[in-house]
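Heads up: the protein sequence lines correspond to chains L and A, in order.
1 is the number of the first residue of the first sequence in this note's numbering; add one for each residue after it.
1 is the number of the first residue of the second sequence in this note's numbering; add one for each residue after it.
In short, the hints are calculated from the structure, not lab data.
It is possible that some hints are incorrect.
To be verified - A few chain L residues that don't get close to chain A, going by computed Cβ distances all over 12 Å:
1) His12
2) Asp40
3) Ser42
4) Ser79
5) Gly104
To be verified - Listed below are the simulated EDC-like cross-link pairs for lysine to aspartate or glutamate, each with C-alpha atoms no more than 16 Å apart in a straight line:
6) Lys8(A) with Asp50(A)
7) Lys253(A) with Glu231(A)
8) Lys8(A) with Asp55(A)
9) Lys39(A) with Glu2(L)
10) Lys253(A) with Glu228(A)
11) Lys8(A) with Glu66(A)
12) Lys253(A) with Asp234(A)
13) Lys8(A) with Glu75(L)
14) Lys8(A) with Glu126(L)
15) Lys39(A) with Glu18(L)
16) Lys39(A) with Asp67(L)
17) Lys8(A) with Asp117(L)
18) Lys153(L) with Glu126(L)
Claimed, not checked - Computed from the model, here is a short list of chain A residues facing chain L with C-beta under 8 Å:
19) Met1
20) Arg5
21) Tyr6
22) Pro9
23) Gly31
24) Gln32
25) Leu35
26) Ser46
27) Asp65
28) Arg68
29) Asp100
30) Gln102
31) Val103
32) Tyr183
33) Arg210
Cβ atoms here follow ideal geometry from the backbone N, Cα and C, with glycine treated the same way.
Each chain is listed here by its residues.
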Amino acid sequence: MEVTLTVNGSQHSLEVAENTLLVDLLREHLRLTGTHVGCDTSQCGACTVHLDGRSVKSCSVLAAQADGAEITTIEGIGSPDDLHPMQAAFRECHALQCGFCTPGMIMSAIDLVQSSDDLDRRAVREGLEGNLCRCTGYHNIVDAVLRAAPQMK
Amino acid sequence: MYQFRYHKPATLEEAVDCYQSAEDGIYLAGGQTLLPTMKQRLAAPSDVIDLSAIDRLTGIEVTSDEVRVGAFTRHDEVARHEGIRRRLPVLAFLAAQIGDGQVRNRGTIGGSVANSDPAADYPAAVIGLGATINTNARQIAADDYFQDLFETALEPGEIITRIDFPVPSRAAYRKFPNPASRYAVVGVLVADFDGRIRVGITGAGPCAFRGTALEVALQGNLNSAAIEGVEVPDVGFNNDLHASAEYRAHLVKVMARRAIADLVG
Numbered sequence: 001m002e003v004t005l006t007v008n009g010s011q012h013s014l015e016v017a018e019n020t021l022l023v024d025l026l027r028e029h030l031r032l033t034g035t036h037v038g039c040d041t042s043q044c045g046a047c048t049v050h051l052d053g054r055s056v057k058s059c060s061v062l063a064a065q066a067d068g069a070e071i072t073t074i075e076g077i078g079s080p081d082d083l084h085p086m087q088a089a090f091r092e093c094h095a096l097q098c099g100f101c102t103p104g105m106i107m108s109a110i111d112l113v114q115s116s117d118d119l120d121r122r123a124v125r126e127g128l129e130g131n132l133c134r135c136t137g138y139h140n141i142v143d144a145v146l147r148a149a150p151q152m153k
Numbered sequence: 001m002y003q004f005r006y007h008k009p010a011t012l013e014e015a016v017d018c019y020q021s022a023e024d025g026i027y028l029a030g031g032q033t034l035l036p037t038m039k040q041r042l043a044a045p046s047d048v049i050d051l052s053a054i055d056r057l058t059g060i061e062v063t064s065d066e067v068r069v070g071a072f073t074r075h076d077e078v079a080r081h082e083g084i085r086r087r088l089p090v091l092a093f094l095a096a097q098i099g100d101g102q103v104r105n106r107g108t109i110g111g112s113v114a115n116s117d118p119a120a121d122y123p124a125a126v127i128g129l130g131a132t133i134n135t136n137a138r139q140i141a142a143d144d145y146f147q148d149l150f151e152t153a154l155e156p157g158e159i160i161t162r163i164d165f166p167v168p169s170r171a172a173y174r175k176f177p178n179p180a181s182r183y184a185v186v187g188v189l190v191a192d193f194d195g196r197i198r199v200g201i202t203g204a205g206p207c208a209f210r211g212t213a214l215e216v217a218l219q220g221n222l223n224s225a226a227i228e229g230v231e232v233p234d235v236g237f238n239n240d241l242h243a244s245a246e247y248r249a250h251l252v253k254v255m256a257r258r259a260i261a262d263l264v265g
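Next up, chain A with everything else stripped away, as it sits in the complex (with noise of 0.2 Å):
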């Protein structure tokens, strides 16, 4: 690892001067991404500014029709928490999933859907329950946040505080893990806001997003046999050592159909 000038600010706004006045500098949340890419020095910033200290970013408030998880929350955190558990369980049972234990006991929400890494979990239920992402600056609704391969509507120095998850009547996810990262080949979730419903798609392009085709399908008709004759065309899809994109597309379907049998049996 290259080396670096190490700051932890106690507030957001100490974090945006650091991130101002450093010639190249990057957040640093749980670390899961970033200091391993940095030992591998595919990263190099000038300056690492560690968000740990920042009271505004933690914290997790359920009421009855939303979930709002403070940024820095850890996944464990997430994954263990009783209200969410309760209220948005799809939401516990995804974050159960991500990487392994030591990772999720560092990983956090934020960092995750900063860094937008095409095959994490958390897009798809950003995608999915069509969250709103809070940064230092503004809203972001999830339908205009992820732009592209580790691209999102964040501006550079922009630091995301919250993200705040509609509940909806019932949601599920699924996901093909790849075997060794336990990242997500492909993972859809589906989610059934009293009839209205979302598909988000993580895994299989080169950023998380909406299946608008199996959506429709799926309109009035949740169940398994409403999408199959869904066109999922691989155009653009990721198309690497895990998987082809034409595997890809197929298990778009096979991860839905699971995720809808999970919701209707």
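Just chain L, with the same shape it has in the complex (with noise of 0.2 Å):
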């Protein structure tokens, strides 16, 4: 089936299978390896993308039901020389060890952000709740959050 589908601010019209998870679309048919597979049973979150500008799973979602959809992924909201805030944050407070659960997080730190008002430790915390990190214990990652917050406003 043919599936048409904005990805970081380009069109593109492919053709998959109907199983196609949108994740496989992104990495293997855009080779768009930044967004990862971790656990691919809905649980981890590294696959976290905005869809329609909101965080969403991409293993739990189909190629098939992202058609006519804007789709940001990590490589779409920096770059190494003008780094977003919170991708910035993420390198100045260290927020990260290994970096595999990064992407995931970094994407879903910014919808959590862009859709809250207040936000202190706690409520970065239960927002993150989609996001495991196996490495960091969290606490860098709430520090940056929180350190990224104010400059996106």
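Need the complex rebuilt from these two chains, each delivered in its own frame; the hints are there to steer you.
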């Protein structure tokens, strides 16, 4: 079947099998491998991208369901020379160790900041409930989100 | 995930036609249960019928005595909806506790209620508030709707279109969440309709049910002391790695007490 969608500002029409997941369309068809597959069982959130502006687990969305949608992945929010404030804050706060969960963590954190008014440490931890990190213990991730939040307003 | 045919009908009629002509069709709403289940090959439908393009399944209407939620409404939308937060805050509060942010951005109320997971949150609200389930064919009262584990009064091919929640004078929901999944190990919703009490319980049994003994004890006496002497037998309760049946029976009263405390302090 044909799926037409906008990814990081560019429109693509792709021929995919019906059972193709959004994450596989991104990684295999568009070679956007910044979006990671961690658990593949909808638990870990490493595959989080934005679908029409909201965070979703791209391993739990069919490519077909994203037909006509706007997708933003980690590759679409900044560049090495011009990091998104959330990416910069993750670097400044040392909010990653192995880095595997980081793309999903950052995409969730951006949606969290954009859709919340007042964030405190507890709200950030609750807001990142859908993203697992096995290295950091989350402390520096919370620091990073709270550092980036005022810069994103 | 096995191969399947994908359909995206624009109307309810087309969706039902699609279902009836499929060998083993299934409706897809938010997909937060169905897609993981298919990926594990625990479900292998021949045809997946995506309901997202059907206008009749969307929209929220808030009146003075009822909140009507279109079946395709996502959890996050219920949690943030101004009218629901004002008229039926318990429903917004409940929706905000489902799963995690990404799941709430996709999952729908109709999908949750149609699936009838024993640990889902919405069934406690459907039962506790005495909601009406509207389908493409009829209206079903909450008390007749949930029948067993993942089993409801829906006929094969029937589609939930809207859920109507009567607005109580006050209501509260408390759950003991599984720390990993946030599913309700036990969740209890207590609603007061001008002195008439309803108690909806999820997580404890194969499907959501009314806590009738608790309702009787609380009638005209809405305080946590009133349920001290009520026995909650664990017969037929879920018994799995998350909690024993006995523990769930205990949690029913603890969650009920917390909900009552939210109402009367």
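Now the hints, each set against the structure:
1. Every Cβ of chain A is farther than 12 Å from the Cβ of His12(L); the closest lies at roughly 18 Å, confirming the non-interface assignment.
2. Not every Cβ of chain A is farther than 12 Å from the Cβ of Asp40(L); the closest lies at roughly 7 Å, contradicting the non-interface assignment.
3. With a least CB separation of 5 Å from chain A, Ser42(L) falls inside the 12 Å interface cut-off, contrary to its annotation.
4. With 12 Å as the threshold on Cβ separation, the claim that Ser79(L) sits away from chain A holds: the shortest Cβ distance comes to roughly 25 Å.
5. With a least CB separation of 9 Å from chain A, Gly104(L) falls inside the 12 Å interface cut-off, contrary to its annotation.
6. Restraint check for Lys8(A) and Asp50(A): the C-alpha separation of about 5 Å stays at or below 16 Å, so the hint holds.
7. At roughly 9 Å between alpha-carbon atoms, Lys253(A) and Glu231(A) fall within 16 Å of each other, so this suggested pair holds.
8. A C-alpha spacing of about 12 Å is found between Lys8(A) and Asp55(A), which places the hinted pair at or below 16 Å, so the restraint holds.
9. A C-alpha spacing of about 21 Å is found between Lys39(A) and Glu2(L), which places the hinted pair above 16 Å, so the restraint is violated.
10. As the CA atoms of Lys253(A) and Glu228(A) are separated by approximately 8 Å, the hinted pair is consistent with the 16 Å bound.
11. Restraint check: the Cα-Cα separation between Lys8(A) and Glu66(A) comes to about 31 Å, which exceeds 16 Å; the hinted pair is violated.
12. Between Lys253(A) and Asp234(A), the direct Cα distance comes to roughly 12 Å. Compliance with the 16 Å bound is thereby established for this hinted pair.
13. Among the hinted pairs, Lys8(A) with Glu75(L) is inconsistent with the structure: their alpha-carbon atoms are about 30 Å apart, more than 16 Å.
14. Annotation: proposed proximity of Lys8(A) to Glu126(L) is violated, straight-line Cα distance about 34 Å (limit 16 Å).
15. Only pairs whose Cα atoms come within 16 Å are accepted, and Lys39(A) paired with Glu18(L) is accepted, the gap being roughly 13 Å.
16. Between Lys39(A) and Asp67(L) the alpha-carbon distance is near 20 Å, which puts this suggested pair outside the 16 Å criterion.
17. In summary, the hint linking Lys8(A) to Asp117(L) is not supported, as the alpha carbons are separated by about 36 Å, beyond the 16 Å threshold.
18. For the suggested pair Lys153(L) and Glu126(L), the alpha carbons sit about 20 Å apart, so the restraint of at most 16 Å is broken.
19. The beta carbon of Met1(A) comes within 5 Å of a beta carbon in chain L, closer than 8 Å, and the hint placing it at the interface holds.
20. Restraint check, Arg5(A) versus chain L: the minimum CB separation of about 6 Å is within 8 Å; hint holds.
21. Annotation: interface hint on Tyr6(A) holds; nearest CB of chain L at approximately 4 Å, less than 8 Å.
22. With its C-beta approaching chain L no nearer than about 13 Å, Pro9(A) sits outside the 8 Å limit, and its interface hint is violated.
23. Evaluation of the Gly31(A) hint against chain L yields a held restraint, the C-beta minimum of about 6 Å falling below 8 Å.
24. Contact between Gln32(A) and chain L, as hinted, is supported at the beta carbon level, the nearest pair being about 6 Å apart and thus within 8 Å.
25. Contact between Leu35(A) and chain L, as hinted, is supported at the beta carbon level, the nearest pair being about 5 Å apart and thus within 8 Å.
26. Annotation: interface hint on Ser46(A) violated; nearest CB of chain L at approximately 11 Å, more than 8 Å.
27. Hint status for Asp65(A): violated, given a least beta-carbon distance of 30 Å to chain L, over 8 Å.
28. The interface hint given for Arg68(A) is broken, as the beta carbon of that residue sits about 24 Å from the closest beta carbon of chain L, more than 8 Å.
29. With 8 Å as the threshold, the beta carbon of Asp100(A) comes within range of chain L, its nearest partner Cβ sitting at about 3 Å, so the hint holds.
30. For Gln102(A), the interface hint holds, the least distance from its beta-carbon to any beta-carbon of chain L being 4 Å, beneath 8 Å.
31. For the restraint placing Val103(A) at the interface with chain L, the shortest Cβ-Cβ distance is roughly 7 Å, inside the 8 Å limit, so the hint holds.
32. Contact between Tyr183(A) and chain L, as hinted, is not supported at the beta carbon level, the nearest pair being about 12 Å apart and thus beyond 8 Å.
33. Residue-level restraint check for Arg210(A) is violated (minimum Cβ-Cβ distance to chain L is 30 Å; threshold 8 Å).
The structure does not agree with the numbered hints 2, 3, 5, 9, 11, 13, 14, 16, 17, 18, 22, 26, 27, 28, 32, 33 stated previously, though it agrees with the rest.
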